[in-house]
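Use these hints to put chain F onto chain A, whose structure you have.
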Amino acid sequence: MKYDAIIVGAGAGGGVAAAVLAESGAKVLLLERGAHYTFANEVTDHLRNHRLAQYGQNTGPGPGNPRVWVDLQGQSHVVQPHHGGYHNNAVAVGGGTPVYGGQAWRFLPTDFRMASHYGVPAGSGLADWPISYADLEPYYERIEREVGVAGDSQPSAQIWPRSSDYPMPPHPKTARGHLLADAAERLGWHTFTPPLLINSTPYLQRAACTGCAVCVGFACHVDAKNGTHNTMIPRAVATGNCTLLTEVHVLRIDMDGSRRASGVTYVDAHGMQHTAQADLVVVAAGAIESARLLMNSATGAHTNGLGNHSDQLGRNLQGHVYPRVIGLTPDPIYDGQGPGVSICSTRFNHDNPGIIGGGMLADEFITLPIIFWKRFLPPDVPRWGSDAKAFMRHAYPRFVDITGPIQDIPNPESRVTLDHQVRDRFGLPVARLSGGLHPETLRTAAFMFERAREWVEAAGVTRWWGTPPRDGLSASQHQAGTCRMGDDPATSVTTRDGNVHGIANLYLADGSLHVTNGGFNPVLTIMANSCRISTGIVQRGR
Amino acid sequence: MFDATQYATLRAVVDCMIPADEFPGGVQAGVDRYILHVLQHDGAGFYPQYVAALDALQHEARLRHQCDFAQLSPSHATALLQALSAGETQAAWLVDAPAWLAMAAEHCAEGFYADPRQGAQRDAVAWQMLGYEERR
Chain A
1 MKYDAIIVGA GAGGGVAAAV LAESGAKVLL LERGAHYTFA NEVTDHLRNH RLAQYGQNTG
61 PGPGNPRVWV DLQGQSHVVQ PHHGGYHNNA VAVGGGTPVY GGQAWRFLPT DFRMASHYGV
121 PAGSGLADWP ISYADLEPYY ERIEREVGVA GDSQPSAQIW PRSSDYPMPP HPKTARGHLL
181 ADAAERLGWH TFTPPLLINS TPYLQRAACT GCAVCVGFAC HVDAKNGTHN TMIPRAVATG
241 NCTLLTEVHV LRIDMDGSRR ASGVTYVDAH GMQHTAQADL VVVAAGAIES ARLLMNSATG
301 AHTNGLGNHS DQLGRNLQGH VYPRVIGLTP DPIYDGQGPG VSICSTRFNH DNPGIIGGGM
361 LADEFITLPI IFWKRFLPPD VPRWGSDAKA FMRHAYPRFV DITGPIQDIP NPESRVTLDH
421 QVRDRFGLPV ARLSGGLHPE TLRTAAFMFE RAREWVEAAG VTRWWGTPPR DGLSASQHQA
481 GTCRMGDDPA TSVTTRDGNV HGIANLYLAD GSLHVTNGGF NPVLTIMANS CRISTGIVQR
541 GR
Chain F
1 MFDATQYATL RAVVDCMIPA DEFPGGVQAG VDRYILHVLQ HDGAGFYPQY VAALDALQHE
61 ARLRHQCDFA QLSPSHATAL LQALSAGETQ AAWLVDAPAW LAMAAEHCAE GFYADPRQGA
121 QRDAVAWQML GYEERR
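For the record, the sequence lines run as chains A and F.
Residues in the first sequence are numbered consecutively from 1, following this note's numbering.
Residues in the second sequence are numbered consecutively from 1, following this note's numbering.
Okay, chain F solo, but in the shape it has when bound:
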């Protein structure tokens, strides 16, 4: 559903939004796979916004750093997303950048904190981090 560049950008965004620390980051937890699943099912209506935003992110990286978004260092990628969250765009955006980032953050949270049965957090890593167990 995404081309290689778009998917690489998505994975980089996911790891900015849920960075690895003592506990796994978003991609390692499978959050990118969760988002693909959402966009193919209940969240299919969001797919065009993702395509537009991922393309715009790539343009922003090219304009600002002359490289792919996925090649930015974590600190550069995070700084770029923070600037975009504040509405400081340089490339042309077909969607509202702050609104898309807020939505993507919510999808990342679903993919990290909701239940593994439905495709979120591989091996329940987020629940281990929080100390939550379903216990049934």
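Looking at chain A on its own, in the form it has when it is part of the complex:
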């Protein structure tokens, strides 16, 4: 059978596209490499999850899917999914959304016009988006309502022009959040409760968050965490128009001549190879795997991969680095209240003197004790012995911290290419990740580290510690930028509609389209942009 559309990847972007297309009446084949992932089949493990992947992870990808990571010294390493150099995002139905923290940020209007606002630093790939905040606003509003965001509408409306309130009120502030709110007030900084894709009240026939202490990195035990896995994808399937196949691996996009895609070739869960045909192919495999799939689909007419005539495919890979400052309050402040992240400031996202961009600052999600030990201990505290144990006992109930994503100034040399020496279990070249941060990103990070320090110090801590981020590739769960949108085929991979330049029926619908990645967690923008692109496909009559 021939489908109207094949969507590769049932994550944040692909899941939204599936719902929009299937609800318009299109026959959709939605192909997902991962499996269904819920609390019922989760083995909760504090050492094997998407916040701490010490020995493995709680989702895919499984064995036989290595990548190659090139360090800053040029040394290549074959890496597995739980290794930091892999820059993994969860592979499951819903992509990262079943296990994420669900921070639900809109990008700011200036985030879409970074080059115009700041100029283009030498050696950077900084550019404006071909669309504006106003173009995306209706889709932000729709995603907030249809996937489900709990947020602080009144202060949010002062920062983002918005057409309606959040559908749910914000989550309650933690004791730490109240302390940090008071500290920010003393500094004269405006704060509010971060918007989350987590139910603060019962919503869309699912329960409210219970405030448990095992949140980010794990499936929700009451299904209060809203992702595409429990909203858009079930909606798509419920239309009867969408066939979801899980644990299938797309090998390549098939072409009909040089200007049209005919479908995809994939391997099913039993190892059988299939070809599926469609009028339209939408790739939403995440910034790294989407770029790799286009490269692995090279033909005689597209020798360097589909959409790569201008050598843009795979470039400007970006994510976020985070400065982090931790301090200790004189008295215990830990209240065990999840999701935990409960205070933020967007004061430093833009127009910082001498700095390009900036970032949002917030406190951390509720933190597992083993994560505190591995990542948050100060350098001068011993790692073993009675002092180490006593410090944990003293510090865990007293710590406050401020962190946040730094707007990455894109680096064209941070990129995905193919590694022909290392193959996956199907014999295909794996993704090769190389590059590091643009110097401006490091400068911004150093500036934001100082703001985080000011905030933590203002909270009346007895001591503080932390270090600004170091150079190194940023991608990981916030990976973006490898197939950027643009009006000029010489400097972009797709049109503003997400359509690959020169291939009439091939689209992208994930974070790979992001020209820049904001100083915010990108998932709401990925969903909204996919909604905009798939709505455009429907409106143009596919």
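If you are wondering where the hints come from, they were derived from the structure by calculation, not from laboratory data.
These numbers come from a predicted model, not from an experiment.
Be aware that one or more of the hints could be misleading.
To be verified - If you want a taste of the chain A side facing chain F, the calculated C-beta under 7 Å gives, among others:
id	residue
1	Asp45
2	Tyr55
3	Arg186
From the three backbone atoms N, C-alpha and C, an ideal C-beta is built for every residue, glycine too.
For chain F alone, coordinates are given in the frame of chain A:
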């Protein structure tokens, strides 16, 4: 996987790294069992380093105190590990002593602060100490 001497040394190391105070120490919390489990599964690659290090620790105790490592008083054992952490070895080491001790400390922390379902901290004693509960 370890002989009796090696295992006794491991248990003594675990109790140096996570000593008992008002709350249980590492061995009482089952941290040694956790490490055995890791070395048989995801951490199997570390097993040869443990064998080499535990043998070297025994040699250090023999050289310095003429007894088994496991028979050292807690203060002597701790002082010895601190000296080794600073690179002050006397016996022959087939692995880097400070690096092995840092790794063992991390495994002890996993066995003490990670979750009991996966074999860490019997009865969630470390979480009681910190005031942490999963609450779900």
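Here's how the hints hold up against the structure:
| no. | hint | in the structure |
| --- | --- | --- |
| 1 | Asp45 | 5 Å, holds |
| 2 | Tyr55 | 4 Å, holds |
| 3 | Arg186 | 28 Å, violated |
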